[in-house]
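Participant: In case you want the letters, here they are:
Number of protein chains: 2
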Amino acid sequence: MNLIERLNWRYATKRYTNVKVPPEKLQRILEAVQLSASSFGLQPYKVLVIENEELRKKLLPAAYNQPQITEASHILVFAVWENITSEKIDQYIQRIADVRGITVESLADFKGRLASLPARPAEQNLNWAARQTYIALGTGLVAAALEGIDASPMEGFNPAEFDEILNLKEKGLKTVSIMALGYRDAEKDPVSKFKKVRWPKEQLFIHF
Amino acid sequence: MNLIERLNWRYATKRYTNVKVPPEKLQRILEAVQLSASSFGLQPYKVLVIENEELRKKLLPAAYNQPQITEASHILVFAVWENITSEKIDQYIQRIADVRGITVESLADFKGRLASLPARPAEQNLNWAARQTYIALGTGLVAAALEGIDASPMEGFNPAEFDEILNLKEKGLKTVSIMALGYRDAEKDPVSKFKKVRWPKEQLFIHF
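Going line by line, the protein sequences match chains H and V. Mapping of the first sequence onto my numbering: position 203 corresponds to residue 193, and the numbering continues sequentially without gaps. Mapping of the second sequence onto my numbering: position 48 corresponds to residue 38, and the numbering continues sequentially without gaps.
By construction, these hints were calculated from the structure, which means they are not laboratory data. All of these numbers come straight from a predicted model, not from anything done at the bench. Warning: the hint list may mix true and false statements.
[Stated by the list, open to error] Mimicking BS3-like on lysine-lysine, the simulated pairs with C-alpha atoms at most 30 Å apart in a straight line are:
{"id": "1", "chain 1": "H", "residue 1": "K185", "chain 2": "V", "residue 2": "K101"}
{"id": "2", "chain 1": "H", "residue 1": "K101", "chain 2": "V", "residue 2": "K185"}
{"id": "3", "chain 1": "V", "residue 1": "K4", "chain 2": "V", "residue 2": "K191"}
{"id": "4", "chain 1": "H", "residue 1": "K15", "chain 2": "V", "residue 2": "K191"}
{"id": "5", "chain 1": "H", "residue 1": "K183", "chain 2": "V", "residue 2": "K78"}
{"id": "6", "chain 1": "H", "residue 1": "K191", "chain 2": "V", "residue 2": "K47"}
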């Protein structure tokens, strides 16, 4: 099945069976998320991969009892860095130097461009970092669809309660979005039969 | 080539050859963008597909003269709705009814949930809509990579100048991000030889 067929096949699944996503498929989806593009390549976020059932039961009320939280095989929680610090920038520059086998000094120009980030208002950086997680979310949704794995992107939850339950404050993180992964329960999920709705091309695209 | 290989192949291309993306490949990339997930499925944005060279020359200084703007085959400009109005919500509900062959009345519950959007502060909706465009950007980047088409996600430009040059104010739109599409000029682009840098899995992912 090609990409377009896969994207037509996928939908924001509401009800899942209890079938587990095989480890090798999960790994490929996570690898796609890891390879996602981001501004400056900084990836200013972490991704929590939650299979633990007890923990998901605790998260359920914080997601308005949406069944995907506990029925899905796994949930991914995208959480941004609460602050973009000079220390984080230094770590990133070191990481580039390590991967490419070059000196930190040779990255001085690039580091200079990143230096503006810690100086920006925290709110601006949170919004900017959150946008980067949506590239990863989009990449993860496509990767799941190509693996034949159902997924649900979710914004309908209480981020502060998620942060609390997952102890994200002490990790310097803030929850932005969720992606549930698993297999659709077509019988229980009426949405699985709905026709996909998108704006028509002539309305969505403007050609110049 | 599989998805992971394709994602490793892609990079934020800085220099392009003058080879054009074939129409059928462009169409599939646009179709993937059209099929992107979004919150409520609302897709609160439009995508400008710019091939016109004169227009791209005008946009060049507003993007700090980054060569991708004029060298790439096409540039996509993701622009959010400046306001999420009740009229837009009504159009969307009508669209769902039309696609699914159901009545608008049967969508009353869903419409009720969407009704909260026009009541939110404009700034909140702009940020929320912008996030949705990043899912489309992520989807478009993957689609391009699978087609063997190079792409550059770009945030480094002056959005107000883009809005002005593209007359977006009168269309009720605001520029958020750009995606250039084309074929890398590996000789002119030193970045094409750089090793891809990502946070290692054990740093990016937290397993529960």
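Participant: Hints numbered earlier in the text: which of these fail when held up against the supplied structure?
Facilitator: none
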